[in-house]
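Enquirer: Please take these sequences and the hints and turn them into a complete structure.
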Amino acid sequence: AQSVAQPEDQVNVAEGNPLTVKCTYSVSGNPYLFWYVQYPNRGLQFLLKYITGDNLVKGSYGFEAEFNKSQTSFHLKKPSALVSDSALYFCAVRGQTGANNLFFGTGTRLTVIP
Amino acid sequence: GAVVSQHPSRVICKSGTSVKIECRSLDFQATTMFWYRQFPKKSLMLMATSNEGSKATYEQGVEKDKFLINHASLTLSTLTVTSAHPEDSSFYICSMYRGLVDTEAFFGQGTRLTVV
Numbered sequence: 204a205q206s207v208a209q210p211e212d213q214v215n216v217a218e219g220n221p222l223t224v225k226c227t228y229s230v231s232g233n234p235y236l237f238w239y240v241q242y243p244n245r246g247l248q249f250l251l252k253y254i255t256g257d258n259l260v261k262g263s264y265g266f267e268a269e270f271n272k273s274q275t276s277f278h279l280k281k282p283s284a285l286v287s288d289s290a291l292y293f294c295a296v297r298g299q300t301g302a303n304n305l306f307f308g309t310g311t312r313l314t315v316i317p
Numbered sequence: 218g219a220v221v222s223q224h225p226s227r228v229i230c231k232s233g234t235s236v237k238i239e240c241r242s243l244d245f246q247a248t249t250m251f252w253y254r255q256f257p258k259k260s261l262m263l264m265a266t267s268n269e270g271s272k273a274t275y276e277q278g279v280e281k282d283k284f285l286i287n288h289a290s291l292t293l294s295t296l297t298v299t300s301a302h303p304e305d306s307s308f309y310i311c312s313m314y315r316g317l318v319d320t321e322a323f324f325g326q327g328t329r330l331t332v333v
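Protein sequence lines correspond, in order, to chains A and B. Heads up, the working numbering is the position in the first sequence plus 203, with the first residue counted as 1. Heads up, the working numbering is the position in the second sequence plus 217, with the first residue counted as 1.
The reader is advised that the hints may include incorrect statements.
Here are the simulated DSSO-like cross-link-like pairs (lysine-lysine), alpha carbons at most 30 Å apart as the crow flies [claimed, not checked]:
hint, chain 1, residue 1, chain 2, residue 2
1, A, 252, B, 283
2, B, 259, B, 283
3, B, 272, B, 237
4, B, 272, A, 225
5, A, 272, B, 258
6, B, 259, A, 252
7, B, 237, A, 225
8, B, 258, A, 280
9, B, 258, A, 261
10, B, 258, B, 237
11, B, 259, A, 280
12, B, 259, A, 261
13, A, 272, B, 259
I should point out that these hints are in silico values taken from the structure, not numbers from a laboratory.
Expert: Here it is, written out as C-alpha cells:
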C-alpha cells in the first residue's frame, strides 16, 4: 500500500528565514514523489518532482526537495521564505506500477510572517 | 505547462437538484482523468478514475449512482452530482496526465459546491 505522511499541520516561519515542510512516504518499489501547492479555492499547482537521478530536486519559485531513501523522506525546502509562499502544501506519491493516481498527504499550511 | 480547465469554479444549488462539473484539457489529450474531493482542512480523496470510452472506476465508499462520471472524449470529463444534499458540499478537483511520458499530474482549478 502507498501512503504519505505530513507530520505538521501548520508551519510558521518569518519572512527571509529558511523553511522546511516535512514529508515521509511508504510505497512498494521506487517512488515517484511530488510536491504541490494550493492557494485558497484553487486547484493544485505543481512545484517539483523526484523520479530518479539526483536526490536534490529543484523546482518552481525557488523551492527544492531532497529525496532520502534510507529515511523515506522528501522534505520541501526554501532558503528564504516570502510572504507570498503562504499556502497549503501537499506531498504526494505515485507508484511505478498499478494505477496512476496520486496518494496525498494531509497537507501542511505554511504561514510566512512579515 | 499543460492547461486543465474546470468549470464552474463555484456553484450553489438546492437540495435534490443535480449539478454538472466539467473538466477539460485545453492543449493535450488525456485517456485517463481523476476526480478528487477535498474536505475542509483535509487532504484530497480520490473518488474515481475516468477512462475515455469506458465506465469509470470508483473508489470504495463512493456511490457511483450519485456521482456520475462521463468521459466522452479525450479532452472532456464530467462529474454530475445527482440529487445533491448538504453533505455533498465540498471542493471537487479534476486531474489528468498529459501522456505516458509525463509523470506529474495537472489539476483543474477546482469547483466549490454548496448545497443549500
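Enquirer: Are the hints correct? Go through all of them and say.
Expert: Outcome of the hint check:
1. A:252 <-> B:283: 34 Å, violated
2. B:259 <-> B:283: With Cα atoms ~22 Å apart, residue 259 (chain B) and residue 283 (chain B) stay inside 30 Å; holds.
3. B:272 <-> B:237: 17 Å, holds
4. B:272 <-> A:225: 37 Å, violated
5. A:272 <-> B:258: Answer holds: residue 272 (chain A) to residue 258 (chain B) is near 29 Å, not above 30 Å.
6. B:259 <-> A:252: 22 Å, holds
7. B:237 <-> A:225: Violated - the C-alpha atoms of residue 225 (chain A) and residue 237 (chain B) are around 37 Å apart, more than 30 Å.
8. B:258 <-> A:280: Satisfied, since the Cα-Cα distance of roughly 22 Å is no more than 30 Å.
9. B:258 <-> A:261: Holds - the C-alpha atoms of residue 261 (chain A) and residue 258 (chain B) are around 27 Å apart, at most 30 Å.
10. B:258 <-> B:237: 24 Å, holds
11. B:259 <-> A:280: The given pair, whose Cα atoms are some 22 Å apart, holds under the 30 Å limit.
12. B:259 <-> A:261: Holds, because 27 Å separates the two Cα atoms, which is no more than 30 Å.
13. A:272 <-> B:259: Roughly 27 Å between the alpha carbons, so the hint for residue 272 (chain A) and residue 259 (chain B) holds.
Consistency with the previously given hints fails for numbers 1, 4, 7, ordered from lowest to highest.
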